[in-house]
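Trainee: Those protein sequence lines, which keep their order, are chains A and B. Going by our numbering, the first sequence opens with residue 1, and the numbers climb by one from there. Going by our numbering, the second sequence opens with residue 1, and the numbers climb by one from there.
Everything labelled a hint here was simulated from the structure, so no lab data went into it. Mixed in with the good hints, there may be bad ones.
[As the list claims (entries may be wrong)] Among the chain A residues that face chain B by a calculated CB cut under 7 Å, a handful are:
#, residue
1, L97
2, V162
3, V164
[Said to hold, decoys possible] Distance ranges between label pairs, derived from CB positions:
#, chain 1, residue 1, chain 2, residue 2, range
4, A, A362, B, R56, 49 to 57 Å
5, B, R56, A, E326, 40 to 48 Å
6, B, H157, A, E370, 34 to 42 Å
7, A, R103, B, A362, 13 to 21 Å
8, B, G69, A, Q213, 25 to 33 Å
9, A, A214, B, A342, 34 to 42 Å
10, B, D317, A, A87, 26 to 34 Å
11, B, R56, A, E370, 24 to 32 Å
12, A, A73, B, D317, 33 to 41 Å
[What the hints assert, rightly or not] Here are some chain A residues the structure puts well away from chain B; computed CB gaps all over 10 Å:
#, residue
13, A37
14, A51
15, K82
16, E90
17, G158
For every residue, glycine included, the Cβ atom is placed at its ideal position computed from N, Cα and C.
There are 2 protein chains.
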Amino acid sequence: MNDSAMAPVKVEVSLGARSYDILIGAGLVRRAGAEIARRLPGIRAAVVTDANVAARHLEPLRESLAAAGIEAAAIVVAPGEKSKSFATLEDVVSGVLAERLERGDAVIALGGGVVGDLAGFVSGIVRRGMRFVQVPTSLLAQVDSSVGGKTGINTSHGKNLVGVFHQPRLVLADTDTLDTLPAREFRAGYAEVAKYGLIDRPDFFAWLEKNWQAVFAGGPERVEAIAQSCRAKADVVARDEHEKGDRALLNLGHTFGHALEGATGYDSARLVHGEGVAIGMALAHRFSARLNLASPDDADRVEAHLKAVGLSTRLSDVPGGLPGAEELLNYIAQDKKVSRGALTFVLTRGIGQSFVANDVPASQVLSFLEENLTP
Amino acid sequence: MNDSAMAPVKVEVSLGARSYDILIGAGLVRRAGAEIARRLPGIRAAVVTDANVAARHLEPLRESLAAAGIEAAAIVVAPGEKSKSFATLEDVVSGVLAERLERGDAVIALGGGVVGDLAGFVSGIVRRGMRFVQVPTSLLAQVDSSVGGKTGINTSHGKNLVGVFHQPRLVLADTDTLDTLPAREFRAGYAEVAKYGLIDRPDFFAWLEKNWQAVFAGGPERVEAIAQSCRAKADVVARDEHEKGDRALLNLGHTFGHALEGATGYDSARLVHGEGVAIGMALAHRFSARLNLASPDDADRVEAHLKAVGLSTRLSDVPGGLPGAEELLNYIAQDKKVSRGALTFVLTRGIGQSFVANDVPASQVLSFLEENLTP
């Protein structure tokens, strides 16, 4: 089968004047120039990428851009979360300005979540907002950061605490780029795929329980799972672009997850984002059962599926150990989704029945953490 | 006359969900707590200011906030344009995060344009957008940066090339704070006041020709001139919030002005922003006459008024001399209002009849500069 001959699946993100398309399919890096030039005629561009991704995909992308008449500089940052810093932000901003790009020109992010978040932030602040195109090359980036316009960097006070909302003009999710992902990274991205089922699509979660092996193997089910994920996120974002209400649902598993990332020092050898989210989702379902909101059977079912794909689900699974419950709670309280001192969690009434709870007493979280830290 | 007993003048900036009030009058620093608490109940805040302004106005502001139940930290930066840097941005962002302020809390800018642009940028990126309140203490900040939501910092590539559009929730323009401004700074701010007349309010310009002495002296005419300026800018911004068209009118005098600021190394001993704008406006009118768009009499009238208030109007007035015409043109071409290589200028058909010209040949600008560099 010649994948690249298949037409990509299109998901439209409806945000009024800021609406845009996500194309999902094989061979999109090689078609990027044509797709971008058709939508943004006459632009120049800067491609922001990291050294690892550049080695595989930068030349094909630049050739495709050149063939479509798009002059594009390349700005290559160091791979890894450390590039989401003020120092790298300033470097990339300077690189874009040195190219004398204008507001109508584009910053193109070629890479995973780090590159997307960083390049998106750059495009949102250079000349108070340039055009932005995303070419996500990790599963996590394709199903998460490609939808919603969240951009940002980290600080010593926490992750993603500095950034802007800045929507891309186009997202090209080339599924070929996933073939070379390490298994661990693909699995971590899959946690976010499962999340969309758990938020409000119980049928999608059931479909994943049945089809996850094909999604991992790279068949048409993979394109389908990515498209469903993008559609699910797009629906939530369209209802609440700037995270004033509903959008908080997307944080299912993230409040616990961010705390675990913080407690492990954002050390990717120990825990990457998706792994934290997987444990966080399992905990959110367990916590909801503990609060008599949902059946323990649902928590069991979530755990079973995450385990089946090879993801961790318990605090004791985090390698290297964790601090005590009090310290974990501190990480949670610093999390930016805290509103006026009350603890906000995404809880659930069952598979696909998540909701935002704004008034969870810290004491209940603390005792739940204590129970789960001692297996 | 007890100024502080007079009710402030209110100007509403109409931007749909982002609409806000500008209050203009005496004694507003002392009333800030009550005005803010009424509109944003229950918030905490960080006041960003510079060392000079802090010495005069920080304590009265904090007392007023405390009296209204608003807990407020103070973040004091060095005075001057150098604080519009990535380094200071990072410092202030860290300061705000250290206070654990949330999205619903406020950054309050107390100071002139530098503090407003910097603090506004901080409030636009911390947690992807906090609430923002401005207490502008210079004439320039009261009539210019308090309207329109432009925020930003400078880079080695130019001024204000990095920032976001982020509208304040409230602006408190306390005219008492202008009494201690150096005469030169007040005069420079006045250039922007005159600009609003020259853009599209010929009656306001005629009123200023008649009443400028009372505006400088601090009578009710001062409040009136500030209110008219805010109204004029608010009208333009309401038509074009993100500077896609009409808003470019506000750059009258600024393309030449920014080039002069660049050519003098942003050395405020030689030239401050408003002085550059004054020369720029005179040149824009002279250039328009040279292109047979407007009568030379109008250019004479603009020059005469700017000279009357003590502002410079010619390139030869810039102390320390200027580089050649080619180099000045380079500064213009780097200006961010350049669109796709064509030179964009605000030109005029007469007093209060400005328009945006997107297709001014560089050769005409060059020869005009050459003529004006050799007096």
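Trainee: Per the hint of 24 to 32 Å, is the separation of the Cβ atoms of B/R56 and A/E370 within bounds?
Mentor: violated (52 Å)
Trainee: Checking hints one by one. Is A/V162 an interface residue toward chain B, by the C-beta closer than 7 Å rule?
Mentor: With Cβ-Cβ at 5 Å, under 7 Å, it holds.
Trainee: Falls inside 40 to 48 Å, the C-beta gap from B/R56 to A/E326?
Mentor: Between B/R56 and A/E326, where Cβ atoms are some 44 Å apart, the hint holds.
Trainee: Using the Cβ atoms, figure out if A/R103 sits within 13 to 21 Å of B/A362.
Mentor: Because 20 Å falls inside the window, the suggested range holds.
Trainee: Mind checking the CB of A/V164 against every CB in chain B and telling me if the closest is under 7 Å?
Mentor: Check passed: Cβ of A/V164 comes within 6 Å of chain B, closer than 7 Å.
Trainee: Starting from the range 49 to 57 Å, see whether the pair A/A362 and B/R56 falls in it by beta-carbon distance.
Mentor: Since A/A362 and B/R56 have Cβ atoms about 42 Å apart, the given range 49 to 57 Å is violated.
Trainee: Check the non-interface label on A/K82: least C-beta distance to chain B beyond 10 Å or not.
Mentor: holds (15 Å)
Trainee: So A/A51 supposedly isn't at the interface. Is its beta-carbon more than 10 Å from every beta-carbon in chain B?
Mentor: At roughly 23 Å from the nearest Cβ of chain B, A/A51 sits farther out than 10 Å, so the non-interface label holds.
Trainee: Is A/E90 truly not at the interface, in the sense that its beta carbon sits beyond 10 Å from all beta carbons of chain B?
Mentor: Violated, because the least Cβ-Cβ distance between A/E90 and chain B comes to about 5 Å, which does not exceed 10 Å.
Trainee: Indicate whether the distance between the beta carbons of A/A73 and B/D317 respects the range 33 to 41 Å.
Mentor: holds (40 Å)
Trainee: Falls inside 34 to 42 Å, the C-beta gap from A/A214 to B/A342?
Mentor: violated (53 Å)
Trainee: Does the CB of A/L97 sit less than 7 Å away from some CB of chain B?
Mentor: Status holds, d = 4 Å.
Hint compliance for this structure: hints 4, 6, 8, 9, 10, 11, 16 and 17 are not met, and every other hint is.
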